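> Chain residues, written in single-letter form:
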Amino acid sequence: MSEIVLQTEGLTKYFKDKPAVNHMNLKIPKGCVCGFLGRNGAGKTTAIRMLMGLLRPTDGSCSVLGCDSQFLSPQIRQRIGYVTEGHRLYKWMKIGELEKFQRAFFPDQWDAKLFNDMIEYFELTKKQKVKNLSNGQRAQVSLALTLAPNPELLIMDDPTLGLDVAIRRQFLEGVIHLITRQNRTILFSSHILADVERVADRIVVIDKGMLKADCTMEQFRSAIQKFVITFDKQLPADVNVEGAICCRSDGSLMEITMVNASEKIVSDWAKNAGATDCKLVQMTLEDQFIEFTAPAKKGKLFDWEYN
Amino acid sequence: MKTRDFFKYIARPLNIFILLCTLVFIIVFLEAISAQIFLSLTQQHNSPKPRSRQWDIHDSGKEFMPDGRVLLVRDEGQIIKIYDVNYTKLWEGKKTDRPKEYKSLDWRQSFRSNIGWQNFIEAQRITPAMSKALEIPIRQDKKIREIWRYLPDDDIFVGYEFKGEKIGYIGTNGFSQSRTENKPFGKFNSLFVYTSKDSENPVLLWQTEKRFFAIDFENRKTEIIIDGGDGRIYGIEAKNWSYDGKEPVDANYRTFVKYNAKDGNINLILNQPDEKLTFKTPKQWDDYLRSSVGITATKDAIFLSHLTTGILIPADYYKSHKVRDKFYKTNPFNKAVDYSTELYKVDKAGNLSLVNKFQWTKPEYIAPAQKDWEYYFGYTSVVSPPMFYVGVKIIQNSPGDINKILPRDNNGMMRGYIVLITTFYPRKLAVCISLSVVMMLIALWHGWSRKNNRLSFALWIILVGLFNVAGLLTYLALNHTTLLKCPACGKKRNLEQPACIHCQAALPLPPASMVKIK
Amino acid sequence: MKFNALLYKEIRECLPYVIGAAILLIAFGFTTVQMGVDPDTINNRYMAFSNANQWGWNLFRGYFIQPAGVSVLIFTIALGIALAIHQYSVEFFVRTWGFLLHRSVNRGTILASKLLAGLLSFVPLLIIWGLFFLYAHNKRYFPIPPTERIFMEGLIFVAFGFVSYLAVAMAALNKAKWYTTKTLSVAFGIWMFITLAVQWQLFWAWITIAVATAILLVQIIDTFLNREFE
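Residue numbers (my numbering), protein chains in the order written: chain A, 1 to 307; chain B, 1 to 518; chain C, 1 to 230.
Among these hints, one or two may not hold up.
Under the rule of at most 20 Å between Cα atoms (straight-line distance), these lysine to any residue pairs were calculated in the SDA-like manner [to be verified]: (1) C/Lys175 with B/Pro508; (2) B/Lys132 with C/Asn58; (3) B/Lys8 with C/Arg95; (4) B/Lys8 with C/Leu111; (5) B/Lys492 with B/Pro508; (6) A/Lys131 with C/Arg95; (7) A/Lys233 with A/Gly274; (8) B/Lys142 with C/Tyr46; (9) B/Lys8 with C/Ala112; (10) C/Lys177 with A/Asp17; (11) B/Lys221 with B/Asp155; (12) C/Lys182 with B/Ile10; (13) C/Lys177 with A/Phe15; (14) A/Lys91 with C/Arg95; (15) B/Lys280 with B/Gly231; (16) C/Lys139 with B/Ile167; (17) C/Lys175 with A/Arg56; (18) B/Lys451 with A/Asp17; (19) C/Lys139 with B/Glu161; (20) C/Lys182 with B/Lys163; (21) A/Lys127 with C/Tyr46; (22) A/Lys94 with C/Leu7; (23) A/Lys30 with A/Lys100; (24) B/Lys276 with B/Arg290; (25) A/Lys100 with A/Asp117.
In short, the hints are calculated from the structure, not lab data. Note that this is a predicted model, so its numbers are computed, not measured.
So that you can see chain A by itself, here it is in the shape it has in the complex (with noise of 0.2 Å):
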């Protein structure tokens, strides 16, 4: 069994009388790219700024390359390359007065050639000033800053806010090339399902402070499955199929997705349900995520237009 590098026992955040992150149970083995998604204010940020030892957890613990995340000690800070929300930099500085800055924290690990290949590759130069960089040239500076000492673990909240596809793909190119490195783990955050389905090959889902997903891309893609059922007969009223987390009707047709169910029992139930036919279709990744997070209570969102 690979080594863990981040976990967290019933991690739990509060914010006043409501949890941000309610008994999050999570094991990040080594050298795994792990994408980390929610909606809005799922509890994505809080929970990686408790892992980082910024926030303190209401109940529960974390740790990160085996130390606690509230006693974190430079030497596993030093192992950690964390990229924050929006690429909050030094705007007053220059990008080489980053790299002197950032480089007097890894004496022994900064490959200088990879800084300046990186910084060559994204076209800028060190006499450049941070206030001066659009949000993608700050997003590439802050990507060279925190791989250029060689990171073990690399965290990313939302690297890609606000990033255009060019400078995105431009972004995850570089994370690719930190993957060819061996055993690192990069845990990310993101909103962009093409992105986390580009590069990662794990996924934990959170949903309103509550862990929903953790498992490897592989087990979510193949979890999560959409059926069409044709009825010539008027609908079910009820849906009971075991592992349905959706319903769709519409006139004829009832689109029903399932989690953990195989195609068989939802065929069956179709069939006794007076179905006349029952396909499986394709999902992508963001159809798959829209479902799972889906909230219990379905309503257009204009709906009053309707009425």
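With chain A held as given, fit chains B and C onto it using these hints.
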């Protein structure tokens, strides 16, 4: 113990202390404002009543002529009116035109602006505009020749030539080249300044606790005029030492310095001719309230005036604050009061012989029925900490008065805090304590579901009781945490604790029916 | 090396404020002092008394260098406030705390770099005050030189500037709401200023500064080490 825990144990009590003190100050400030507002809203204004002859006599100044006659003088700004003892007008006119035949004995001290200990401290205050220097310029032919500056840390003067080199030092020994050769003057008490007719430069009359010096910078010498030995000297007055450019000193008067010594004797050091005189006033004079003595010396005689009321001072009046408070609550000066003023001559042996005496009665004063500041303050002060009441009792029962508790040269803050406590202590103690109990109950209700530690909670409740409203506000500011409804028992529980304090249940888990992929 | 990098970064951030305060202090202080040593002003100061009527409280006069001293007080307090806001509050606004706190050093080291940079920022103002003090010995302009006590008073003013820096820093770090205890440290700073204002002995003034500094430092260290940074 980790570093962060170490600092937490020090920082927390400091936080409580600072917040408590800040809130006490704010509450005290609001109390004073409230009382003043109530007072100004309810102020009654009396319509002026016609004054009786008795009031006219009481309000007039009583002045003795050298022959002992008494004049009653009404000072109305620029105009003065002079009456005899039957209140028959003798003269009216401008002060400057006062006739010689009505020129009474002059009792005033010469020095218009003597500098006392308080002024001395004021000058040395560091903030916000830095301390000031006592500088004596020495002029010659209308040009500045030298400047002498007082060094408070060394208690001597240093002199410089104007825009030139250092001259030397002046201390008890007079002039010296080096600082170490000279002795400091001693604990400063007051300072008089005068200029003689022959010079344009001042001489300082420098009073310390035990000595009285005349420091002449022009001639660079120090003269000890009074040496009290081991005993303190006090009550110094100096007469006719100054040359007043506008009004020449009356040649009929002799220059003298008067001081009181530890043994209660009055000492006079007179000039023209030089002589020293020591005498005592009758002991029974001290038995009456507002008894005061003035001394002046003409070429013909030394005169002593004695002004007193007929109100006997109660026993222990000077020893007990309680006795004084009780006495003044009877409003002794609202009743009819007998006054008398006497003129004595003092002979060379120090014997007093009565020249004349004038007696009058101040009529009864009926104060309008209105509430005073104390009345309103009695109610607004119920929010003060009950501890202030205890503090006042301790201070009032301590031996001697506040000046003996705090030495004269304290830094002022302690004195300020004591004034705060003695002014703002709760007058209506029962109401104050009741309010404290209410505050404690509020804190108890607030903290019951939030308490982490019983001992800590108990100490907080005691603190709230001792400090009243300030204590409750401090408690709430530092202990308010979010409560959550426990799903197990339904009661409110503290979020900062892992287990519910009522049923020990943990924080609510996510719903079991939630779909997961693992 | 790590601490040096942090310290350099903090000093570099403080530099514009320090330079601004120094320039203003030199300009303002020098101008006001020179106005006080104008020959007519000196003449009025020492020659205005023609008889004993006018002696007395007039004998107490501010030192010639006093306007520079008042300028030192004003500018050190202003510098302290500006530095504290920049070093602590602005990091919240630009959200760089996460980047800073992830340095491979203890939190205490990060705080130490900020505090040391803050403290060192007052050194130029102290040097300027020292230069003013030496300038006041110039016989060409000044009738008599100032005393050592005045230099110490200026030192106290600079020290109070550091106290005001600590008070504002504590307010910036405090997580409480502004209407509860967030500005408590500023109220404490004002209280200490009032306490300092009634002191007339240097010893008690230094005690006031030392007590205020100690209390605020303990508060800042405790808050910074235990605080959550959202």
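> Hints first: check each against the structure and report whether it holds.
Against the structure, the hints come out as follows:
1. C/Lys175 with B/Pro508: violated, 27 Å
2. B/Lys132 with C/Asn58: holds, 11 Å
3. B/Lys8 with C/Arg95: The hint is violated at about 26 Å.
4. B/Lys8 with C/Leu111: Holds. B/Lys8 to C/Leu111 sits at ~16 Å (cutoff 20 Å).
5. B/Lys492 with B/Pro508: Roughly 13 Å separates the two Cα atoms, so the pair holds.
6. A/Lys131 with C/Arg95: holds, 14 Å
7. A/Lys233 with A/Gly274: holds, 7 Å
8. B/Lys142 with C/Tyr46: Holds, at about 10 Å.
9. B/Lys8 with C/Ala112: Given that 20 Å is the threshold and the Cα spacing comes to 17 Å, the pair holds.
10. C/Lys177 with A/Asp17: Roughly 17 Å between the alpha carbons, so the hint for C/Lys177 and A/Asp17 holds.
11. B/Lys221 with B/Asp155: holds, 16 Å
12. C/Lys182 with B/Ile10: holds, 19 Å
13. C/Lys177 with A/Phe15: holds, 15 Å
14. A/Lys91 with C/Arg95: holds, 11 Å
15. B/Lys280 with B/Gly231: holds, 17 Å
16. C/Lys139 with B/Ile167: holds, 15 Å
17. C/Lys175 with A/Arg56: holds, 14 Å
18. B/Lys451 with A/Asp17: holds, 17 Å
19. C/Lys139 with B/Glu161: Cα-Cα ~10 Å, so holds.
20. C/Lys182 with B/Lys163: violated, 53 Å
21. A/Lys127 with C/Tyr46: violated, 61 Å
22. A/Lys94 with C/Leu7: holds, 17 Å
23. A/Lys30 with A/Lys100: With a Cα-Cα distance of about 30 Å, the restraint between A/Lys30 and A/Lys100 is violated, given a limit of 20 Å.
24. B/Lys276 with B/Arg290: Violated. B/Lys276 to B/Arg290 sits at ~28 Å, over the 20 Å cutoff.
25. A/Lys100 with A/Asp117: holds, 16 Å
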